[in-house]
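J.: Here are the chains, one letter per residue:
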Amino acid sequence: MEDFLVGLAPPLIKGILLGGLYVVIALGLSLVFGVMKLINVAHGDLVILGSYFAWAIMGWLGIDPFLSLVVGVPLFFAFGFLVQKFIINRTFRISLDAALIACFGISIVVQSLCQVIWTPFNRSLLTDYRLLTFAVGPLTIQLRYLLDFIGGLAVMLAVREFLRRTYLGRAISAASQNEPVAERMGINPNRVYSFAFAIAMACAAVAGVLQGLTFSFSPTSGSPFLIISFGVIILGGLGSMAGTFIGGMVFGLTQTLGAYFSGGSLLVQSIAPYLLVFVILSVRPQGIFGR
Amino acid sequence: MKIPRLTTLASVAVLVVLALFPVIGVSLSWLNYLFSFFIYLALATMWNLLAGYTGLICLCPAAFVGLAGYAMAIGTWVGVPFQAGLIAGAAVAVLFALLISYPVFRMKGIYFAIGTLVLPEALKAWFSFWHPVGTAYQGGGAGYAVAGVAGITLGEKYWLALAIAAASILVVHIILRARLGLGLTAIRDNENTAASAGVNIFRLKLSSFLIAALIMGIAGAIYYIHNPRIQPTSGFNISWLLLPLMATVIGGEGIEEGPIIGAAIVTFLRFLLADYGAWSLFIQGIILVVVVVVMPQGIAGLLRQVGAYRFPLRLFQAAEAKIHKT
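Taken in sequence, the protein lines are chains A and B.
Taking my numbering, the leading residue of the first sequence gets 283, the next gets one more, and so forth.
Taking my numbering, the leading residue of the second sequence gets 2, the next gets one more, and so forth.
Note that these hints are calculated values from the structure, not bench results.
All residues carry an ideal CB built from backbone N, CA and C; glycine is no exception.
Warning: the hint list may mix true and false statements.
[Stated by the list, open to error] Far from chain A, some chain B residues (derived; all Cβ distances over 12 Å):
1. M108
2. A123
3. K125
4. T136
5. A148
6. A279
7. Q285
8. Y310
[Stated by the list, open to error] Listed next, with one range per pair, are the computed distances between beta-carbon atoms:
9. A:P462 / B:F130: 48 to 58 Å
10. A:W342 / B:L21: 52 to 62 Å
11. B:P133 / A:K367: 23 to 33 Å
12. A:N404 / B:E157: 21 to 31 Å
13. B:L183 / A:G341: 42 to 52 Å
14. A:F403 / B:G199: 36 to 46 Å
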């Protein structure tokens, strides 16, 4: 029994830490989903674009990926604002389906752009601290997973404070709770959508760096992240930061524990999150905390 | 004897001319283009049935295509001839659709879209590790070759593709003029109202879903007779969704002739951009976004709007009136 628990500890810790990465990705998705009720199917690819951006800056100027975010976050923010303003807001006026199809088009464009610029080969952000480990008592912890957790916590707190304390943040919360009433209070929905998408993109830039440090990536590796972060949103509920955080942990744990109990099977590791999303969706079709 | 309508006669004439193409010596490259066109057309028509008429944004055509292709390919390895494999593949696709129907129809709108998006991804992961038959060099990520199809001429494959494309259009044509089509459009427009008017939502959605799975499965299997090698990354590729989606959106969603126009454009783009690798996808994505933003009705919708059909239709009607008089 003791051996069992000792063996179980590493995947448990790894799963919880990995959850931080999923929290960052899911936060961007849930902001957009909250205000527009639209799943941005390009979100996973935008995260991968963030990874490539950091990778390119690193190869070009030799700057640490985290430092490159000083440029990356504003750049992604501006890009997101423009995409929402000129593409998604226009399609959103037509119908939700049109907006979904536009997002799908953006996903294809981002994916193929990454492939054209950076070739389809696997890359990873090779910093010198990438593979560092350190011991806490009997456990060894990998630094990159710890960074995921810290990143997840930091972004979550930042988004929470932003939503609570700034005018724009409150406007976004208001629009996601009840849009017609928010509009009557003088909130311009199109503007709120644009900022929500811009912030989602900024989150994607941060998530891209964390993702690139944790896993290797190729232009097509975005879709699992989209599906997992969608699962996190349904599990955690909209607008609940603690829920999102727990959802992220659950998905991190599904992956690491699934791999552990199947003897390190890659199949289980890759298929378990999909099954979980599908099961959650079919049991509670509107999400666990769906309104 | 009742005189058949001119529009029916015209469609039959087009079909006959197309069917004669391999016999009258149309060049092989043109047969090849048309083969792809027919496959895309069948997929797009079915996607239009789901998205345009039933209101189901179904993101899992890749699951039907991949499963049918795999069923046929694996079948040929254990001695099942590909003709039987074609039917078995379609049966597997329908069975899969039936299995997932209960959970996915509980989801609505955007949840349905994501729920169906998960399926091809999960299948891709599963088939990347699965070795049912063959040696260590087959199965898994390497996939399977479809055995025993080397002797089939392009002309025969062309006829198969033509048959499935014609069948798909005919099926949608019939559905739209039957009670089923009326119920489906009612569901698309407002599910709750349709339900309160006595439409059996689950059964109708299921019918259109199964029909789509059947025809998409057959079309996918025919594609893999022509390109006899299936891998998880090709069988469950996102392009199996992109093709019908693009064709439907460009041509006109919820319009019968939309997929025909759209599929022609998509096929043209595919072969035009074939040498440009990833740029091809890039350009297709840009076109998709531009079309959704600029003309969400699609080309067929635009044509209807400007009344481009009025003149030929009037000609048809005048001709018909003359025939009936004599």
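J.: Confirm or reject each hint.
T.: Hints, one by one, checked against the model:
no. : hint                        : result
1   : M108                        : 4 Å, violated
2   : A123                        : 4 Å, violated
3   : K125                        : 9 Å, violated
4   : T136                        : 20 Å, holds
5   : A148                        : 26 Å, holds
6   : A279                        : 4 Å, violated
7   : Q285                        : 7 Å, violated
8   : Y310                        : 23 Å, holds
9   : A:P462 / B:F130: 48 to 58 Å : 49 Å, holds
10  : A:W342 / B:L21: 52 to 62 Å  : 59 Å, holds
11  : B:P133 / A:K367: 23 to 33 Å : 51 Å, violated
12  : A:N404 / B:E157: 21 to 31 Å : 41 Å, violated
13  : B:L183 / A:G341: 42 to 52 Å : 60 Å, violated
14  : A:F403 / B:G199: 36 to 46 Å : 57 Å, violated
Going down the numbered hints, you'll see the structure goes against 1, 2, 3, 6, 7, 11, 12, 13 and 14, while the others check out.
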